[in-house]
Amino acid sequence: MGDQETEYTREPEVPIEAIRVIDPEVVAKLPPGTRVLNIAPHGASFWTRTARLDVEQEGISKAYFLKTSHGELGRDMMSSEYQCMSKIRAITPDLVPEPITWGTYSGMPDVHFLLCEFRRMTGEIPGAGALAGKIAELHRRSSGSSGGRFGSDVPTFHGNVRVDHGWSGSWEEYFARTTRVLFKLEQEVQGYNEEIRQMITPFFEKVIPRLLRPLGTGGHSICPSLIHGDLWHGNAETDVETGLPIIFDAASYYAHNEYELGVWRQPWNKIGEAYRTEYYKHFPKSWPEEDCDDRNALYAVRVNILDSILYKDDQSYRQMLISGMRELIDKFPGGFEAWEASYGTRDA
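Under my numbering, the final residue of the sequence shown carries the number 1006; numbering is consecutive throughout.
Hints are computed from structural coordinates only; laboratory data are not their basis. All C-beta atoms, glycine included, are put in the ideal place defined by N, C-alpha and C. Any given hint might turn out to be false.
[Unchecked claim] Calculated pairs, BS3-like style, for lysine-lysine (alpha carbon to alpha carbon, straight line, at most 25 Å): (1) K943 - K864; (2) K687 - K720; (3) K989 - K864; (4) K943 - K928; (5) K939 - K928; (6) K943 - K989; (7) K792 - K989.
[Stated by the list, open to error] Derived Cβ-Cβ restraints for the label pairs, each shown as a range: (8) V898 - V839: 38 to 48 Å; (9) R838 - D971: 22 to 32 Å; (10) R871 - G824: 16 to 26 Å; (11) R984 - E714: 36 to 46 Å; (12) G849 - E714: 27 to 37 Å; (13) E846 - G765: 31 to 41 Å; (14) G874 - E714: 38 to 48 Å; (15) P682 - I858: 45 to 55 Å; (16) D822 - V685: 27 to 37 Å; (17) G876 - R984: 24 to 34 Å; (18) G876 - G992: 13 to 23 Å; (19) R984 - R838: 36 to 46 Å.
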């Protein structure tokens, strides 16, 4: 989600001069002979400052998109986004603006930047069929390219919340391991909550195995796909020239492809149920198909954990988190064992 529409008034730590002055290090990354014409603020962000850079190359006008951040965290954010966007670009070149480079200002050593191709956008969210089809294409084309492993060696960022992934041989292990870390961080940021604490054990011992273990049961399996990782409506637009979807601000790693759709369940996201319906026309639901909506609810819980960390002053995300956990715990008290017994009976 990153910069979703919620009350937030803090100014970015990045000095405004970062998008008023063209740093020599940015110029050095441009093709030789490039003449810089102008830099102007473009777009808005809670965590960064962004600008359009207009240049002339061999008599031809061209524009770049410049994103700037501050401090050690900001440096890691720029490096991560560059790597994530590059991975998507290598698989579906028309889906993301071309990432050019990232680096650190020479005149302001605490300022770091990401330089990308500038794409003119309509300001409109892509239609459900167009966007869902392209995301399914990304998932299909990347399937198997991680050697069967889930995760990433590149940390990603949900807004300014760092997520370290590592690698796992199974989706259930990856999901449980990294989600435990996020729950711990949520309690540290938001403050201790007894209701959440009491639900942790059944959530990890019953709900997660019940919904994720069947994916690899009975001769079935899932293959890791590269996902965008934070695909809310603020990270997708329509290209003016091609009319095709464009996505950006990636937080990519290898996951169960359906995890991408967890944020599409959120009530605030304009990319919602219609997009999920279209997606499954291009990438069928994983087996067991009857669990698909409940898996989506599980994935939405993890999104709510991240949002509760990111927007600690807005209690609505914690309330959605608690509600989502409670519904799943109440629905699956018997966990995987109950499903396995029922599945065995059906096969008998």
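Tested hints:
1. K943 - K864: holds (22 Å)
2. K687 - K720: Judged against 25 Å, a Cα distance of about 15 Å means the pair holds.
3. K989 - K864: holds (10 Å)
4. K943 - K928: holds (22 Å)
5. K939 - K928: holds (19 Å)
6. K943 - K989: Distance ~21 Å between K943 and K989 Cα, so the pair holds.
7. K792 - K989: Violated, at about 33 Å.
8. V898 - V839: 38 to 48 Å: holds (41 Å)
9. R838 - D971: 22 to 32 Å: This hint holds: roughly 24 Å between Cβ atoms.
10. R871 - G824: 16 to 26 Å: The hinted range 16 to 26 Å holds for R871 and G824, with Cβ atoms some 20 Å apart.
11. R984 - E714: 36 to 46 Å: violated (59 Å)
12. G849 - E714: 27 to 37 Å: About 54 Å separates the Cβ atoms of G849 and E714, which means 27 to 37 Å is violated.
13. E846 - G765: 31 to 41 Å: About 36 Å separates the Cβ atoms of E846 and G765, which means 31 to 41 Å holds.
14. G874 - E714: 38 to 48 Å: At roughly 55 Å between Cβ atoms, E714 and G874 fall outside 38 to 48 Å, so the hint is violated.
15. P682 - I858: 45 to 55 Å: Since the Cβ atoms of P682 and I858 sit about 51 Å apart, the hinted range of 45 to 55 Å holds.
16. D822 - V685: 27 to 37 Å: Cβ of D822 to Cβ of V685: about 34 Å, so the range 27 to 37 Å holds.
17. G876 - R984: 24 to 34 Å: This hint holds: roughly 29 Å between Cβ atoms.
18. G876 - G992: 13 to 23 Å: holds (18 Å)
19. R984 - R838: 36 to 46 Å: violated (18 Å)
Checked against the numbered hints above, the structure violates hints 7, 11, 12, 14, 19; every other hint is satisfied.
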